[in-house]
Structure formats: C-alpha cells, structure tokens
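Colleague: All chains should be built: construct the whole structure from the sequences, respecting the hints.
Keeping their order, the protein sequence lines are chains A and B.
The opening position of the first sequence corresponds to residue 0 in numbering that gives the first Met the number 0, with each subsequent residue numbered one higher.
The opening position of the second sequence corresponds to residue 0 in numbering that gives the first Met the number 0, with each subsequent residue numbered one higher.
The hints are simulated quantities; they were obtained by calculation from the structure and are not laboratory data.
Where is the CB? At the ideal position from N, CA and C, for every residue including glycine.
One or more of the hints may lead you astray.
To be verified - Stretch by stretch, here's where chain A covers chain B in the computed footprint (C-beta under 8 Å, at least three residues):
| # | stretch |
| --- | --- |
| 1 | 160–172 |
| 2 | 255–268 |
To be verified - Here are the simulated lysine-lysine pairs, DSSO-like style, with alpha carbons at most 27 Å apart:
| # | chain 1 | residue 1 | chain 2 | residue 2 |
| --- | --- | --- | --- | --- |
| 3 | A | K59 | B | K190 |
| 4 | B | K6 | A | K59 |
| 5 | A | K59 | B | K242 |
| 6 | B | K272 | A | K121 |
| 7 | B | K96 | A | K59 |
| 8 | B | K6 | A | K125 |
Said to hold, decoys possible - Beta-carbon label-pair distances, calculated as ranges:
| # | chain 1 | residue 1 | chain 2 | residue 2 | range |
| --- | --- | --- | --- | --- | --- |
| 9 | A | K44 | B | K310 | 29 to 39 Å |
| 10 | B | I262 | A | D8 | 53 to 63 Å |
| 11 | A | S1 | B | N177 | 24 to 34 Å |
| 12 | B | N308 | A | D8 | 21 to 31 Å |
| 13 | A | F107 | B | N308 | 35 to 45 Å |
| 14 | A | E13 | B | K96 | 17 to 27 Å |
| 15 | B | D277 | A | E123 | 44 to 54 Å |
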Amino acid sequence: MSEKKYSKDHEWIEIDNDIATIGITNHAQESLGDIVFVELPTIGKQVSSNDEVCVIESVKAASDIYTPIDGEIIEVNEKLNDNGALVNEDPENTAWIFKLKISEPSQFNDLMTLSEYQEFLKSEEK
Amino acid sequence: MPINYQKGILNEHLQVRESAGLFDVSHMGQILIPVDEKNIISLSKFIPLDFDKINFNRCYYSFLLNNNGGIIDDLIISKIQYKQKDFFYIVYNASRKKNDEEIFINHLNNYILLTNNSLIAIQGPNSEKIINFINESKNLFFMQTKTSNFLNKEIIISRTGYTGEDGFEISVPNDVSNQFIEILLKNSLIKLCGLGARDSLRIEAGLSLYGNELNEKITPIEANLTWSLHKSRLNDESLNGSKILTNQLNGKIKNLKVGLKSISRTMLRSNTKIYNIDKNQIGYISSGTFSPILGSSIGIGYINKSEINNKIYILIRNNWEELNIVSLPFIQNRYKRGG
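Modeller: Set out below in structure tokens:
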C-alpha cells in the first residue's frame, strides 16, 4: 500500500515499502511554465533531505529540485531526458523524476498530507 | 501584458510563427511631434537620421543618443499626416519612458503624448488576412505607415513589429480599442500572446532589446546596428556623440554581438559570463531563451572580437559548457518588403 505526501518545496513523494518516488507538484509545474530540460540526478548517489539533487530548466527560470527525504538514488526517469515537457503534462504521475531507497522512513511523517499541502498553498498565496 | 496566457510561452511562440498572435503593447510610449524647423533641430541632436531625407509614411528604426553616442533608447520614428497636420510619430520603450520623455519635455514644442491610445501588435504570416478590414493595410509594405479610420476614429497603422514575421502595429484610441481587439480575436487564426513569447520571438529574429543588448554604454555601432545610422549625420557635430561614432566607424570595435547556441540542453540566461579556453572572461550573454523552432536554447551576447574563431564556454552549476557562435538571425525574417 503506497502513500503520497508533499514538501514545502513543492515536491511530491510516494512511498512503497522502502522505495520512494519523487516528482514536482502540479502547482510547481504551473509556476515554472514551459519546461524544456530536466537535468536528472546520478544513480547511486547518497542524498540527505533538503539536498539539491537536480535542476529543472523552464523558459522562464532554472529551479533546483530537493529531496524531501534521505536515501540512495536508485532510478531516474529517462523519459524526461528527451521530453522535459512531460513534467508540464503529467507532473504527478508519468513525469516522476527519481526514485530513492530510503534510509530514514520516519522523515516521511514530517511531510504534508494532500489536505495539509492544499492549506499550505493557500497560505503561500497570501 | 502578462508573461503568458493559458497555453504558455512556447505555444504562443509557435502560434506567431505558424499563424498569428496579438500582443497588447500599449505599455510602450507613443508621441506625436509637429514637423517644424525647431523640432527638427532638436530631434537631430539625439537621433542619427538625416531629417531632410525622411519620407512620409515610412518607418525608421533609430535611437536617442547620449553625448558619448550611447543608446538612451531605441525607437521607431515615422512622418505622418494626422488630423490634417504633419507629425513625427515615435514609438519608444516602456522601460525608458522617463528618460525619453525628459528629453521630449526639455527640447520639443507642442508635442502630443498619445497616452490615450492603445498599441496593438499583430504578428505572424496570417496577419494580412486578419487586418484586412482596415483598408489601408493592403497598401502597406514592411516599414511603412498610414493613418486610417476605425469606428470614425483616426488610427495609425504600421507594417512593423519585433518578431521577424510579417505583421502590423496599430495605434488605436482607447475608447474604441476594446471593439478593435474583439474584432481581431473573433478570427480563429489569431490568439493572445504575452511578453514571454515576444522575447523568445525577437531573440530568434536576432533583434536587440533595450536593457539586454542595448544600454547607455553601448553605441549603435558596437551593437552591430550601423546599418540604421544615416552616415551623413556622423560628420555633423550637432549630433550627440558624432565624433565617437565616426572614430568607431573608421577604427576598431572591441566586442562583437553574436548569436549563441547551446550544445547541451543547458538554458542560456542573460548576464551569464562567457569565457575562453583559458578561463578568462571574454564576454557575456545579453539574452537567452529556448527556441521551439530549433529545439535548443539560443541567445545573443557580446564577445571580444579576437576570440570570435575560438572555443567559448560558460560555467553552469560548476560545469564548463561549450557554446557555439552562430550568425544572427537564427530564423530568417519573413517581412513583406516592397513599395
């Protein structure tokens, strides 16, 4: 049974046992606008929560993507190599960015549920 | 005008290249200056054009120059008959209104700031079809202008623009501008486009933007815009910076304006430093964007002339990335010339 949570940096993270799949939220892709390039992270790299792991370039700006949780990068979404625009089209599903083998499952509890994230978006607008 | 509407910058960019886009550029400055001897003398101090040779209903790309020949602003000037009187009509940058208008206020007589006129740009290969309800549009070629009427109000229609495409820019009194835009948007060939697409289109077309390629420390010659100067004026000491411009024309320019293309898929961004193979800075990127036509990031920059045949690099996130130098424009323009 997988569970999905959200970070304040507008990443989503879905956990299935000790594997986390991470991407950016629909809100994030909307504010970035046309995405032209995703610089994917390196497989095998150990990362800690809030590390910058990769970069998304849109026509408007370059944006760092952070990992919300510690772990080892075990897979990246190669589809994004040729088609960064997929992040605009399907950010929370087929345009996942990387997968982590997580080392600190308790960190997942610190992240927001969908309803908490929606509240957070409202508070950011103010 | 927003950065983009619903469908995004790249979609709007392609809309203009393939059909037509409507840009509301009413934020730009517009002024009418009566054609008289004193105004011509004043304009001749700042604008490097020979006013004796300016024809009616023709548009000229030019500049306001400072004492050093640096660019205070770039502009389009034409001579038109408006409400039965002869005027110079100048369209200038929104970002430079304060500087430009200070010059106009201090040096010109009886000018009219067209603050009650909107400026609507229609750009793209289908522009001609979309604007054909304005009769005068049919008799215009690129860089020509005429006054016409819309709902009994006088409008100024010019076959100009800043995207590299055929197109028109129309100055319409505010009280009829909504009706004007509504008629245009009823045509399914045209869609609203924003500032983002305006920028990526002008970069592809190799056109300079004030604040990026142009500023008070760069002369038109240094910006590779020598073609736009009326050379006879360079010997005229009454023109600001004429001596400096003459020296530059006869001598050497240190930097060249070049087109830049990303080899990897890194996005080129303005104000990025450019280096040679020895990691010495030799220039900078003045504009950068993504070209949906070429499928890669492109830009415009200035580099030291002596490095023009060498490899050049930018430092992006601690990686040295080579850039290609290419000639401008990236996309051939499709202006309707003639007449």
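Colleague: Which of the listed hints are not met by the structure?
Modeller: Result: hints 1, 5, 6, 10, 11, 12, 13, 14 break, sorted rising.
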